[in-house]
Amino acid sequence: MRDSTGKAPGWGVTLMRNRHFVGWLQAAPLSLILIGFLILPIITIVIVSFWQATEFSIIPAFSLENYEFLFGSPVTYKVFGATFKYAFLTWAFTLSIGFTVAYYLAFHIRSQPVQIALFLICTIPFWTSNIIRMISWIPFLGRNGIANQALISWGVIDQPLEWLLYSDFSVILAFVHLYTLFMVVPIFNTMMRIDKSLLEAARDNGASGFQTLVHVIVPLTKPGIMIGTIFVLTLVMGDFITVRFMSGSQRANVGRLISNDISLLQYPSAAATAVVLLLTVLIVIGILLRFVNIRKEL
Amino acid sequence: MRTGQDLELSHVTKRYGQTVAVRDINHVFTNGTYVCLLGPSGCGKSTTLRMIAGHETISDGSILLDGTDVSHLPPAKRGTAMMFQSYALFPHLSVRDNVAFSLRMQGQDKALRHKAANEMLELVDMIHLADRLPAQLSGGQQQRVALARALVTKPRVLLLDEPLSALDPFLRIRVRGELKRLQRELGISFIHVTHGQDEALALADECVVMNNAVIEQSGPAREVFSRPRTEFVARFMGGHNVIDLNGGRYALRADGVHFATAGLPATVRTIEYQGNHVAVTSTTGDDTEVLALIPEETFFANPKNPGDAVGLAWDEGRLHRLQA
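Keeping their order, the protein sequence lines are chains A and B. Sequence positions in the first sequence follow the UniProt record's numbering and run 1 to 298. Sequence positions in the second sequence follow the UniProt record's numbering and run 1 to 324.
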């Protein structure tokens, strides 16, 4: 290639004119970060999951014993079962609360300033850390906590309720409290994109409020529901601290299994559990994405 | 001719807080006519349409259809159907399911409602695209689907909210021909809101011109155009000059003005060639602008230039006294 002066351009110019080279250059910073902080650690975890360990040493090897132990132990299935239970219940509650809140914000509040104000109010809990929000439940739910005292003074119960704290109830309550906003935001976002004239058209076609909800709003909100679902499922399935705090270390999920292994310096075993958890979550998300196309939301 | 099936507005008023969007309107829409509600934006024409449809509550007065008061019935129970400006097709449903939507809401079973939807799609010539999604259709095709969806409930009055505004000019002219044909075939009333007077003149059996929340004038399209009652109507419908003569206000048809030596003295300001005719704007002694549409051949037989002094004349019948 020759430029207007008739001289052949330098190699640097030729390179910069190459569309592909410039494209790769632009993608490089993000690629490097993802490779360095996501891909490499995952590869490391996969490699370590095949190593062997004793109480006092870690031996590089290629052995399946971590996986054999994991799949051979009934505890694994129980703990995975509990993780799914937490994930499912939290999903069900955050979805019903999140959908309702988003619906109220998007369709009942007419003025945009009020909409924005109420939306910001929803985010206020996020101004404090997860741990503090969790811990603040303890004096409320405890045996002599506010909830029990109030119920006793109203005469609803005679004995303090034992299941309020350090139980599945308190774990799920904390999860719902922590993660409902992750449902509200994507659902609200999708709902705001629904053309309001569609609701009028539905009414013009004789749809009742409920029929409009079922036949128009829910189908059009599906991508937002799906994004919220992915947020909540991954957060709950990867969590260990909420389960530890809110169950008073009496309940277990996969995250706690991993954290226990790490605290005992059993890194290969922890890595194997992490790999299985990662694959489980990916499979769940893969199944979900088969049902709903979220691409147009991104 | 009045029949019992007419749509009647009686003292219909719409207030939003302190502002009045529609003020005490009385009008009878004769059954089976094509009516255009015409006016500038903010004149209350869309609000009037939406009140008839039931998407806007009325503050005062009543709406009667076929002798029954429908003012407080939900939209689907009124015997009206609305076609929305943006068509408002459900993006997640196929063309057929969009058209069948209202029947599904009534609980008709699938075979029955698909049959009815197919009939409607035949009517608007869209049956070959029945399985597409709205996003896969062009603007004109979407418009037909919206029309089919509105007609599937067999309404007695079809309400169209600026149905042609989203189409390009060529398509607009074709679609308006189709609308008129459809109205004639179905024999029901169409009430069509528009801000384009050419659209209204081309389509309407009856024109209703609105301004500032009231009806300025209504009547057959030709009558509204050639005999405007007020200065607003004369100016809005176009093709008229408004001039003061002998202490009165008159509307003067622009195509009725010609040049004559003995006429009203004026100075030519601008000349625009428009194909069929030449638009000559001139100002008279008291600075009134007068537009004259001179047939092309006549103009070029005796061409003028800006700055030329001319005499403006017209036939007596072309002058029309305005009431306000």
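It should be emphasised that the hints constitute simulated quantities derived from the structure, not laboratory data. Hints are supplied without guarantee of correctness; some may be wrong.
As the list claims (entries may be wrong) - Calculated pairs, DSSO-like style, for lysine-lysine (alpha carbon to alpha carbon, straight line, at most 30 Å):
hint, chain 1, residue 1, chain 2, residue 2
1, B, K180, B, K77
2, A, K222, B, K110
3, A, K222, B, K180
4, B, K77, B, K110
5, B, K180, B, K115
6, A, K196, A, K85
7, B, K110, A, K196
8, B, K304, B, K180
9, B, K304, A, K196
10, B, K115, B, K154
11, B, K154, B, K110
12, B, K77, A, K196
These are the hints, each one checked on the structure:
1. B:K180 / B:K77: Within the cut-off at roughly 25 Å; holds.
2. A:K222 / B:K110: 24 Å, holds
3. A:K222 / B:K180: Roughly 40 Å between the alpha carbons, so the hint for K222 of chain A and K180 of chain B is violated.
4. B:K77 / B:K110: Judged against 30 Å, a Cα distance of about 22 Å means the pair holds.
5. B:K180 / B:K115: 25 Å, holds
6. A:K196 / A:K85: Roughly 37 Å separates the two Cα atoms, so the pair is violated.
7. B:K110 / A:K196: Distance of about 27 Å is within 30 Å: holds.
8. B:K304 / B:K180: With Cα atoms ~42 Å apart, K304 of chain B and K180 of chain B exceed 30 Å; violated.
9. B:K304 / A:K196: At roughly 55 Å apart (the allowed maximum being 30 Å), K196 of chain A and K304 of chain B break the hint.
10. B:K115 / B:K154: 14 Å, holds
11. B:K154 / B:K110: Status holds; Cα separation ~18 Å.
12. B:K77 / A:K196: Holds, at roughly 21 Å.
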